[in-house]
Amino acid sequence: MNIYIQAAAQISAQEPMGNAWFQRPLRFTERYVRSIDPNFKEYINPMEARRMGKILKRALATSLEVVRKTGIDHPDAIITGTGLGCIENTEKFLTAMVRDGEMYLQPTYFMQSTHNTISSQIALHLKCNKYNTTYAQRGISFESSLLDAYMQFELGKIKSALVAGHDEMTPDYFVLLDKINYWKKGEVNEAVLRKSDSLGSFAGEASSCFMLENKKTDLTICELKGVDLFFNPSPLRMKEAIEELLSKHNLHINDIDVVLTGINGDKDNDVVYHQFQQHFFPETPMAWYKHLFGESFTATGLATYIAATAIQKQILPVDYLYNRTSTLNGLKKILIYNHFQNKDHALILLSSC
Amino acid sequence: MNETIVVSGMGIITGLGYGKEATITALRSKRSGIGKMHYLNTIHADYPVGEVKMSDEKMREFLGIPADKIITRTPLLGIMAIKEAIKEAQLEEKRPRRIAFINGTTVGGMEKSEQYYPEFVNTEAYIAAHDCGTSCEAIAETFEGFDLITTISTACSSAANAIILGANLLKTGRVDAAVVGGTECLSKFHLNGFSTLMILDKEACKPFDANRVGLNLGEGAAYLVLEKQSDAKRRGITPLCKLSGYANTCDAFHQTASSPDGQGAYLAMRDALEDAKLKPEDIDYINAHGTGTQNNDVSEGMAIVRIFNENIPPVSSTKSFTGHTTSAAGSVESVISILALQHDFIPANLNFTTPMPELSFTPVKDNVTKKLHHVLSNSFGFGGNDSACIFSKIE
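Protein chains in written order, with our numbering: chain A, 16 to 368; chain B, 366 to 760.
With a Cα cut of at most 30 Å, we get these calculated BS3-like pairs of lysine-lysine:
id: 1; chain 1: A; residue 1: LYS174; chain 2: B; residue 2: LYS642
id: 2; chain 1: A; residue 1: LYS358; chain 2: B; residue 2: LYS434
id: 3; chain 1: B; residue 1: LYS459; chain 2: B; residue 2: LYS593
id: 4; chain 1: A; residue 1: LYS142; chain 2: B; residue 2: LYS642
id: 5; chain 1: A; residue 1: LYS199; chain 2: B; residue 2: LYS434
id: 6; chain 1: A; residue 1: LYS358; chain 2: B; residue 2: LYS423
id: 7; chain 1: B; residue 1: LYS434; chain 2: A; residue 2: LYS194
id: 8; chain 1: B; residue 1: LYS735; chain 2: B; residue 2: LYS593
id: 9; chain 1: A; residue 1: LYS254; chain 2: B; residue 2: LYS593
id: 10; chain 1: B; residue 1: LYS536; chain 2: A; residue 2: LYS174
id: 11; chain 1: A; residue 1: LYS254; chain 2: B; residue 2: LYS459
id: 12; chain 1: A; residue 1: LYS263; chain 2: B; residue 2: LYS593
id: 13; chain 1: A; residue 1: LYS230; chain 2: B; residue 2: LYS536
id: 14; chain 1: B; residue 1: LYS567; chain 2: A; residue 2: LYS107
id: 15; chain 1: B; residue 1: LYS536; chain 2: A; residue 2: LYS254
id: 16; chain 1: A; residue 1: LYS174; chain 2: A; residue 2: LYS142
id: 17; chain 1: B; residue 1: LYS448; chain 2: B; residue 2: LYS395
id: 18; chain 1: A; residue 1: LYS174; chain 2: A; residue 2: LYS84
id: 19; chain 1: B; residue 1: LYS401; chain 2: A; residue 2: LYS107
id: 20; chain 1: B; residue 1: LYS434; chain 2: A; residue 2: LYS282
id: 21; chain 1: A; residue 1: LYS172; chain 2: B; residue 2: LYS642
id: 22; chain 1: A; residue 1: LYS200; chain 2: B; residue 2: LYS434
id: 23; chain 1: B; residue 1: LYS459; chain 2: A; residue 2: LYS358
Simulated DEER-style distance windows between Cβ atoms:
id: 24; chain 1: A; residue 1: ASP283; chain 2: B; residue 2: ALA575; range: 57 to 63 Å
id: 25; chain 1: B; residue 1: GLN480; chain 2: A; residue 2: ARG65; range: 32 to 38 Å
id: 26; chain 1: B; residue 1: SER420; chain 2: A; residue 2: GLU298; range: 53 to 59 Å
id: 27; chain 1: B; residue 1: SER420; chain 2: A; residue 2: GLN121; range: 30 to 36 Å
Hint data in this document are derived by calculation from the structure and do not stem from the laboratory. These numbers were taken from a predicted model, which means no experiment stands behind them. Quick reminder that beta carbons are idealized off the backbone N, C-alpha and C, glycines included.
Construct the entire structure; sequences and hints are all you get.
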C-alpha cells in the first residue's frame with residue numbers, strides 16, 4: 016500500500032495558493048498575522064461566497080484548487096481537521112445570544128457554526144456522497160484527519176482522499192487566548208522566537224488542503240509514509256514509535272534528512288522539541304516554520320505543505336533551518352514532529368518517490 | 366485485517382439515569398427521561414428536555430473531582446459514562462497493550478463559555494476549556510494509559526463516527542482496544558440554535574408521527590469498548606456483541622436539512638449492510654435516528670423504505686425516551702441497541718399515534734419481546750453527515 020500527495024494548496028500568512036514564496040518567505044513582527052486571501056471570485060461564485068465566513072471560503076477555494084489540479088472531483092473521503100471550527104460564526108451567534116438575552120436570534124450563524132460545516136460544505140459543493148468527517152483535537156486536528164485517511168487506504172476502503180486543516184483566528188478569540196498566555200506580550204521577531212525565554216508565540220491562521228491517492232502519477236509531489244498520534248507518551252514510547260515507523264519502511268535514523276518541528280518561541284513548547292531532537296535525532300538537521308506563519312491549531316497542515324514542497328523542489332532554504340546556516344539539498348525523507356502542550360504528539364513521515 | 370470487532374463493555378448516562386441497569390429499566394417500563402428543565406439557566410425553560418438529573422457538583426462529588434478543578438459538564442458526563450464502560454470491559458484489571466480513546470462532541474465547553482462570554486472575568490481558565498479537544502483530554506486523563514486520543518465533531522453523528530474510527534484503528538492494528546463514543550451537555554447555544562431553526566417541540570417529541578412538531582434536546586454520554594474478538598478471548602472477557610458493519614456517507618444536499626429521498630441515509634444503511642455482509646432481511650430491529658422533526662423523519666423513513674421495501678423490520682426512535690443527545694446520540698443509541706440485543710427486547714417509540722402518509726411503515730408503539738440477531742443504529746448530523754452501525758449477537 017502506497018499513499019501519494021498529488022496536489023496541495025494553502026492559504027496562510029504567505030502568498031496564497033502557489034508556492035512562489037517558498038524560497039523567499041515573508042517575515043513578521045506583529046503578534047497577530049491574518050492570512051493573505053486569494054481572489055475568491057476565481058474559485059467561488061460570489062452569490063455562494065456571500066453567505067460564507069472566511070474559513071469556509073478558504074476551505075472551499077483550497078479544495079477546489081486540489082480538485083482542479085488532479086481532476087478528482089468525487090474523492091472517496093473528505094476529511095477536515097479544525098481546532099476551533101467555524102469560530103467566527105460561533106462568536107456571532109454567541110455574542111447576539113448573550114447581548115440580547117436569547118432573544119431575536121437568527122439561525123444563519125448557528126447553521127454554519129458547527130465544526131463539520133467545512134467538510135459538509137465541500138461535499139455539498141462537489142455533490143459528493145462519500146465518506147465525510149471532521150476532527151477537532153486541538154493541535155493535532157490535522158494529523159487526526161491524515162490518520163483517518165491513511166487507515167482507510169490501508170484497509171482498501173478508499174482510493175482517494177481530500178484531507179484538509181483549517182483554522183481562522185478572529186480578533187475576539189485572539190484576545191481571549193492572549194489572556195491565557197498564548198501570545199507574546201511585546202514585539203515578536205525571529206530573534207525573540209529563537210531565544211524562547213518567555214511564554215507565548217504569535218497568532219496566525221492556517222488553511223491547507225491535500226489530495227491523496229493510492230497511485231503514483233505525473234502529478235505526484237511526494238509519498239505519505241506514515242502518520243501516528245500519541246497521548247502523553249513516555250520517552251520510551253516515543254522511541255518505540257520512531258523505531259517502528261522507521262523499520263516498517265526499512266529506514267535508519269540517518270535516512271531522515273530533516274526533522275520539521277513546531278518550535279514557536281514559547282519556552283514550554285520549544286523545550287519539548289529540543290529534548291526530542293537530543294534523544295532521538297541528535298545528528299539530524301532541525302527545521303521550523305511557525306516563525307513564518309504564526310501559531311494555529313492546524314499549523315501542521317502548513318508543515319506538511321512545506322515538507323512536501325521541499326521534497327518536490329529538492330531544497331529546504333535556510334529560512335526554515337533552525338540550527339544550520341546553509342540550505343539543505345537533495346531531500347528524500349522529512350519527519351514532521353508536532354506536539355500540543357506536551358500532551359498530544361504526532362509524527363508524519365514524507366518521502367520522495 | 367478482517368478480524369471480528371467485538372464490544373466488550375459499555376457505559377451510559379442520560380435523562381433515563383446513570384448506567385445500563387437504569388437505562389433498561391426505564392425502557393422496559395416506558396418511562397421517558399424527558400421533562401422539565403432543572404439545571405440549564407435559559408429563558409427557554411418551557412422546552413422539555415432529556416436532562417441528566419445530576420448537577421455538576423453532584424457529579425464532581427460522585428467522581429471525587431475537587432471543586433477547584435476546571436472542568437465543564439460535557440467531560441463530567443463523559444467521565445461518568447466511561448467509568449462504567451472501562452469497568453465492564455475490565456480494562457484496568459486485564460489491561461490491553463495500547464488503548465485509544467475517541468470522543469465525539471460539538472458543544473465542548475460551550476456551556477461555561479456562554480456563561481462567561483465575552484470577558485471571562487475571573488474565569489480565564491475556562492477559555493482553554495472551550496474547544497472540543499479539551500473535553501476529550503479531561504476525560505482521557507481520568508484513566509491512566511490511553512495511548513492515542515482524538516475528537517470527532519460531526520454534529521449529531523459524532524459518536525457514531527467515533528465508533529467507526531475506533532474500529533479502523535483496531536483493524537489496522539494500531540491499538541488493541543478502543544474506547545469510543547460521545548458526550549454532550551445541554552447548552553443555551555444549541556438550544557437557541559435549534560429554537561431559531563424552529564425544530565423544537567414544546568411537548569414530548571413524536572418521532573415518525575404525522576403530527577410531529579420537532580425534537581426535544583437531551584444530554585448524556587455513552588462509550589463502548591471495542592477490541593478484536595481474539596483479544597477479548599485472550600483477556601478472558603465475554604463480549605456483549607459484535608460490531609459487524611458500519612458506514613459513513615454524506616447527504617450533500619443542504620447544510621441543515623436532509624434530502625427528501627434520504628440519499629445520505631440510504632447510502633449509509635446500504636454500505637453498512639454491505640460491510641457487515643448482511644442482507645436487509647437479516648436486520649431484526651432499526652434504532653432510528655428519528656429526531657421527530659418534519660424533515661428528518663420523512664427523509665430517514667423514505668431511506669428505510671428504499672432499503673427494506675416490503676420487509677421493514679421493527680423501527681423505533683428512542684429519542685422519545687432520551688431526547689436528542691446530539692453528539693452523544695450515536696453511542697447512546699448504540700448502547701440501547703446492544704441492550705435490545707442482549708435482552709431480546711425492542712423498546713417502544715413513545716408518543717406515536719398517527720401514521721405518516723409518506724411512509725409504508727409505522728414505528729413500534731409498544732415494547733416487543735423478540736429474538737434479535739442483528740440491530741441497525743442510524744445517526745445523522747447537520748451537514749448531511751450520515752452514519753450507520755450494525756451490532757450482531759455472537760452466536
